[in-house]
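Single-letter residue listing:
2 protein chains.
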Amino acid sequence: MIADSKVFSSRRVNSFAFLSPREFAVIGDEMSHAQHQKLNDLLKESGYQSQDDHISKAPKLVKRRICALKSLQLKSIDIEAAFYKRVHDLEREFEKQFDALFLERKKIVNGEREPSDEEAKQPLIHGLAEEDQKALYDSSGSDEGEVGIPEFWLHCLKSNEATCDLIQEHDEPILKHLTDITAHCTTEPVGFTLEFHFSSNPYFKNTVLKKQYVLNTLPDPEDPFGYEGPECTKIMGDTIQWEDGKDVTKKVVKKKQKKGANAGKFLTKTVKADSFFNFFDNLEKEEENKDNAEGDGEDEEEAYELRAADYEIATTIRDSLIPRAVLFYTGEAAIEDDMFPMGEDDGDDASDSEDGEEEEEE
Amino acid sequence: MIADSKVFSSRRVNSFAFLSPREFAVIGDEMSHAQHQKLNDLLKESGYQSQDDHISKAPKLVKRRICALKSLQLKSIDIEAAFYKRVHDLEREFEKQFDALFLERKKIVNGEREPSDEEAKQPLIHGLAEEDQKALYDSSGSDEGEVGIPEFWLHCLKSNEATCDLIQEHDEPILKHLTDITAHCTTEPVGFTLEFHFSSNPYFKNTVLKKQYVLNTLPDPEDPFGYEGPECTKIMGDTIQWEDGKDVTKKVVKKKQKKGANAGKFLTKTVKADSFFNFFDNLEKEEENKDNAEGDGEDEEEAYELRAADYEIATTIRDSLIPRAVLFYTGEAAIEDDMFPMGEDDGDDASDSEDGEEEEEE
Chain A
1 MIADSKVFSS
11 RRVNSFAFLS
21 PREFAVIGDE
31 MSHAQHQKLN
41 DLLKESGYQS
51 QDDHISKAPK
61 LVKRRICALK
71 SLQLKSIDIE
81 AAFYKRVHDL
91 EREFEKQFDA
101 LFLERKKIVN
111 GEREPSDEEA
121 KQPLIHGLAE
131 EDQKALYDSS
141 GSDEGEVGIP
151 EFWLHCLKSN
161 EATCDLIQEH
171 DEPILKHLTD
181 ITAHCTTEPV
191 GFTLEFHFSS
201 NPYFKNTVLK
211 KQYVLNTLPD
221 PEDPFGYEGP
231 ECTKIMGDTI
241 QWEDGKDVTK
251 KVVKKKQKKG
261 ANAGKFLTKT
271 VKADSFFNFF
281 DNLEKEEENK
291 DNAEGDGEDE
301 EEAYELRAAD
311 YEIATTIRDS
321 LIPRAVLFYT
331 GEAAIEDDMF
341 PMGEDDGDDA
351 SDSEDGEEEE
361 EE
Chain B
1 MIADSKVFSS
11 RRVNSFAFLS
21 PREFAVIGDE
31 MSHAQHQKLN
41 DLLKESGYQS
51 QDDHISKAPK
61 LVKRRICALK
71 SLQLKSIDIE
81 AAFYKRVHDL
91 EREFEKQFDA
101 LFLERKKIVN
111 GEREPSDEEA
121 KQPLIHGLAE
131 EDQKALYDSS
141 GSDEGEVGIP
151 EFWLHCLKSN
161 EATCDLIQEH
171 DEPILKHLTD
181 ITAHCTTEPV
191 GFTLEFHFSS
201 NPYFKNTVLK
211 KQYVLNTLPD
221 PEDPFGYEGP
231 ECTKIMGDTI
241 QWEDGKDVTK
251 KVVKKKQKKG
261 ANAGKFLTKT
271 VKADSFFNFF
281 DNLEKEEENK
291 DNAEGDGEDE
301 EEAYELRAAD
311 YEIATTIRDS
321 LIPRAVLFYT
331 GEAAIEDDMF
341 PMGEDDGDDA
351 SDSEDGEEEE
361 EE
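Chains as they are written, first to last, in the numbering used here: chain A, 1 to 362; chain B, 1 to 362.
Because the hints were derived from the structure by calculation, they are not lab data.
Please note: incorrect hints may appear among the correct ones.
Which copy is meant is left open, so a pair is good if it fits within one copy or across any two.
Claimed, not checked - The list that follows gives simulated cross-link-like pairs (lysine-lysine, DSS-like), each with its CA atoms no further than 30 Å apart:
| hint | residue 1 | residue 2 |
| --- | --- | --- |
| 1 | Lys75 | Lys106 |
| 2 | Lys205 | Lys176 |
| 3 | Lys107 | Lys96 |
| 4 | Lys107 | Lys63 |
Can you make the complete structure from the sequences, with help from the hints?
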């Protein structure tokens with residue numbers, strides 16, 4: 001009996017991160033070609049021409065039957081694609097019911113209405129002993145006319161394992177203006193959008209920052225047997241219209257030239273800074289640039305991993321953060337984080353050091 | 001931007017293992033209580049009574065609004081449960097279409113009919129260069145009246161990453177008699193069954209070995225906020241009616257007594273042996289025995305992991321092995337295994353060594 005801890009924990013991580021049954025792989029086209037190459041190599045390595053292989057040594061009549069099973073497999077994959085289409089329809093149908101509740105949540109969070117006594121009957125923290133529940137109320141701050149639930153979404157994002165590491169100190173004052181996060185299925189093209197709604201603020205002009213995910217729901221004609229359900233084929237970000245000097249996604253660094261004519265002099269250079277708002281970067285644009293530059297395999301792999309990580313965050317926001325926001329706000333949903341730590345991101349995206357240059361933040 | 005490889009690979013493992021969007025967590029009741037305790041501890045540790053916590057220091061009017069969001073959350077979770085119910089209905093609806101194709105596959109695999117020329121048009125291996133394809137045919141064995149596709153399911157099971165490690169050498173002659181594997185949704189109780197169909201064989205009397213999985217689709221009234229979709233609550237195995245001396249799940253070992261009155265003498269003892277057929281063990285029965293014996297926390301955790309691993313295997317068989325059997329048979333689906341190795345099971349379930357005893361296989 002297998003009792004592999006990796007299987008087990010990936011199951012748990014998964015069951016946490018993907019609450020709704022939207023199972024979308026994020027395998028780009030480039031991967032399916034790479035897989036093909038790999039398969040071909042494997043087939044040769046594992047000796048498809050040798051006599052001890054069950055495929056090559058199979059009599060021709062048996063081979064003919066295997067070919068027939070491949071035909072049946074194609075039909076089966078077409079039915080799967082039809083199934084996923086129906087799941088998408090089901091999600092759209094239920095979206096209306098969820099949205100009605102999320103709208104009420106938005107009103108309460110932003111002080112557009114006060115809850116009824118009936119609504120406010122639920123205990124603050126589920127399953128907490130009565131004395132602990134009371135103690136929570138004993139330490140209540142004085143009501144100084146707070147509107148709604150201040151900093152609600154900032155607390156949610158900071159307590160969700162997929163988003164907490166994205167948030168830098170300089171992002172927090174901006175995220176206090178976040179009034180709602182919504183997700184919607186789209187049909188043309190098939191996919192979904194995430195929308196981050198902001199109140200009027202001194203940081204940027206946008207009232208909504210949008211991220212769009214396009215899915216291919218059909219099998220790839222070049223690789224029909226590789227079908228594993230809808231694949232994310234395109235991730236579109238948004239352009240943040242930053243107010244002057246407020247763009248936290250960029251920072252100016254001084255670089256001391258070590259070589260060449262300018263050796264010893266300091267030059268200033270604007271580089272990317274860590275920020276939650278890098279989430280709105282347009283990954284597709286980067287893809288195109290990379291294609292023009294004829295990126296090598298390593299670049300491709302990096303771009304692929306970046307897209308996969310982005311998609312992971314997006315589906316967690318859609319399937320976990322949005323439908324369970326208050327549980328992240330109170331911290332009740334955050335214990336998963338502790339039970340299965342996801343590891344820290346040690347990489348420094350903003351690092352842009354080159355040979356012969358020293359970097360120093362201004 | 002998070003680019004955590006664990007997130008990424010768990011996503012891929014998941015997208016491979018769970019092709020259909022059946023997202024079922026396998027959290028037993030005992031876990032939800034443990035989680036509660038943990039939450040309570042965490043709440044205290046993280047200082048819910050202290051002034052710097054956003055929940056405890058929130059003014060009472062803000063707390064009242066949070067309580068109202070908890071009411072909305074409960075309604076939202078009820079809609080989720082209704083959604084999962086509809087997904088289950090959708091799976092039942094599509095099952096008929098898949099079953100019609102799987103029945104044709106069964107006929108061809110077991111030689112009940114020959115495919116038409118139209119059916120046999122698909123190439124043996126997708127995407128293989130023409131000369132390699134031809135080479136596969138050059139090495140064909142002579143047709144000695146083979147019926148269907150010999151050892152089809154044995155090859156499938158050996159090339160699937162969830163099942164390959166379960167198969168021991170002594171299982172192989174038995175698994176050559178496997179004629180089909182089928183999966184079916186059940187409604188009363190809600191869940192699914194796996195059925196392994198065998199031709200008449202000298203090893204056991206059963207023609208079908210069945211495994212049943214019961215799911216709870218509704219939120220737990222004690223822990224409604226912990227709802228993450230249907231949970232597997234019961235796993236039922238089957239009783240294999242082994243022919244005399246054919247039970248590969250047991251082995252007789254000699255034990256040399258080191259202490260006591262029988263010191264120096266050999267005693268024989270029947271112990272559990274590694275075997276694919278342990279998959280049909282009744283995990284529930286073990287659970288009950290354990291309850292009677294008032295098992296400690298470690299036993300509980302072990303039982304939980306055993307059930308989680310079993311469920312992982314079952315869903316892989318249902319969502320991957322059955323719908324893509326021919327791709328495992330040809331090895332085309334097996335490359336995932338290579339890309340994300342799942343690790344070996346180093347544990348030796350059959351080991352039963354005790355103090356003062358030496359073990360030796362007969």
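For each hint, the structure was consulted:
For the homomeric pair Lys75 and Lys106, the shortest alpha-carbon distance between copies (15 Å) is at most 30 Å, but the shortest distance inside one copy (45 Å) is not. For the identical chains of this complex, Lys205 and Lys176 are intra-copy neighbours only, at 15 Å inside a copy versus 68 Å across copies, given an alpha-carbon limit of 30 Å. Taking identical chains as interchangeable, the C-alpha atoms of Lys107 and Lys96 lie at most 30 Å apart only when both belong to the same chain, with a minimum of 17 Å there against 45 Å between chains. In the homo-oligomer, the alpha carbons of Lys107 and Lys63 lie at most 30 Å apart only across protomers (15 Å), although the nearest pairing inside one protomer, at 64 Å, exceeds that limit.
Every hint from the earlier list agrees with this structure, and none is contradicted.
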